[in-house]
Each structure stands twice: as C-alpha cells, then as structure tokens.
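Asks: Below are the chains, spelled out letter by letter.
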Amino acid sequence: MVTRRYAVGAHYGLMDWLLQRLSAVVMAVYTLLVLAIVLWNGGIDHAQWTDLFGHGGFKLASFLFMVALLYHAWIGVRDILMDYIKPAGIRLFLETLTVIALIGYLGWTLQLLWGPSS
Amino acid sequence: MPGIVSILHRASGALLVLAGIPLLLYAVSASLASPEAYAAMKATFSYPVAKLGLILLLWAYLHHFCAGIRYLLLDIHRGIELEPARRSSAVVMVLSLALTVILGARLW
Chain A
1 MVTRRYAVGA HYGLMDWLLQ RLSAVVMAVY TLLVLAIVLW NGGIDHAQWT DLFGHGGFKL
61 ASFLFMVALL YHAWIGVRDI LMDYIKPAGI RLFLETLTVI ALIGYLGWTL QLLWGPSS
Chain B
1001 MPGIVSILHR ASGALLVLAG IPLLLYAVSA SLASPEAYAA MKATFSYPVA KLGLILLLWA
1061 YLHHFCAGIR YLLLDIHRGI ELEPARRSSA VVMVLSLALT VILGARLW
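Going down the list, the sequences are from chains A and B.
Just so you know, the working numbering puts the end of the first sequence at 118, numbered straight through with nothing missing.
Just so you know, the working numbering puts the end of the second sequence at 1108, numbered straight through with nothing missing.
Hints are not guaranteed to be accurate.
[To be verified] Heads up, simulated SDA-like pairs for lysine to any residue below, C-alpha to C-alpha not over 25 Å straight-line:
#1 K86/A <-> I1007/B
#2 K59/A <-> L1032/B
#3 K59/A <-> I1007/B
No wet-lab data here; the hints were simulated from the structure.
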C-alpha cells in the first residue's frame, strides 16, 4: 500500500508512452514498404539496391525509420534499466553509454544516407 | 502465454539494440559501399554460425513486430478480455516462429 505520495516527477511518462507507439507505427510502415519493394521486384540485386538508396524519397523514409528506431530503442532500454538496475550510479552510467551509442548510430545513418560516398 | 510474450518482447528488444542496430547499419553501409564490400559481407554471413546469429535476430525482429502489433491493439481495447488476450499471445508466438522458419529457410 502506498503510504506517501510524492508530488514530483518529470511528467514525461505519457508523452514517452505515446511516442513509443508512434515510432512503432513508423517502423512497421517502413518495414512493410521495404518488403513490398523487394517482393514487387521479385527479389533485389545489388544494382537495384544501390538505386533504391539513391532515391531521395527512400533516403528520407529511411532517415525517419532510423530516428523512430533510435528513439524507440532509447525508451525501451531506459525502461529495462529502470526495472533491473537499482543503483542510481550504475544506471546513469549505462544510460549515458546508451545515449552515446544511439547518437553515434544516428551520425552513422546520416553519413550512410547523405555522406560523400553515397 | 501473455507473460512469456511480454518477457520475450523485452529480451528481443534488448537483443535488437545490442546486436541488431549496429549490424543493420554495418550491413547497409557495406552493401552500398562497393560490390567488393558487398561480396565480403555476403562471405562473412555465409558461415553457419553467422547464419544462426542472423536467424536469431530475424526471430527477434519478427517477435518484437508481432508482439508490438498485439500491444497496439490492446491499447485501443481490442481483445482485452482474458480469453482473447491469451489466444492472441499464442498467435504472436506461433506466427513469429513460423515466419522465422520460412524466411530463415530462404536465408540459409
């Protein structure tokens, strides 16, 4: 039983809940889009694959997918860490590592999609 | 069964973050870099151990996808009663495993 209630908190819970679902829908739509493109062509060879990633609209869709994925991953990892890692110091350390890794992945994505070699 | 789907949703999510995202980025960058890098990546993924790892990640993606759709439906109060919820959790398990077998067989 709750005997004391704390009227504090960041109040980001509902927004995170909503964004977790919104990002899931974005990823599901992108997944089905890529699947449809591959199936439509009856499989995909290297040249078609490269062409696809040269297309501006597909680059943008891929970017949105990755942003949704990385944000979704952040909320998921944070929830897992909150549940299993009780010492605040270790949790903060792991959360920091996660954020650094995810931002790094975003940088990699940008390089991949709009970098000099693409 | 709903409890198993729930913990597997977590486990598959963790797996996708730890291995799935870096591997996805590596695979796409290699596949776009040059035909040689593309061939090298294909060679790496042709080892049976690598294929098993890919199939595990494939299952993780499919399970997370199917279970995620189920949660979205539960959120809008579809199948929220005990019996339908149990049935849909079984559907998630069977469907994600079946799709993994079908797609995994093609991969192999």
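Asks: Keeping to a limit of 25 Å between CA atoms, is the pair of K59/A and I1007/B held or broken?
Replies: 34 Å, violated
Asks: Within a Cα-Cα threshold of 25 Å, do K86/A and I1007/B meet the stated pairing?
Replies: 19 Å, holds
Asks: Does the structure keep K59/A and L1032/B at a Cα separation of 25 Å or less?
Replies: 13 Å, holds
The structure is inconsistent with hint 3 alone, although it conforms to all the rest.
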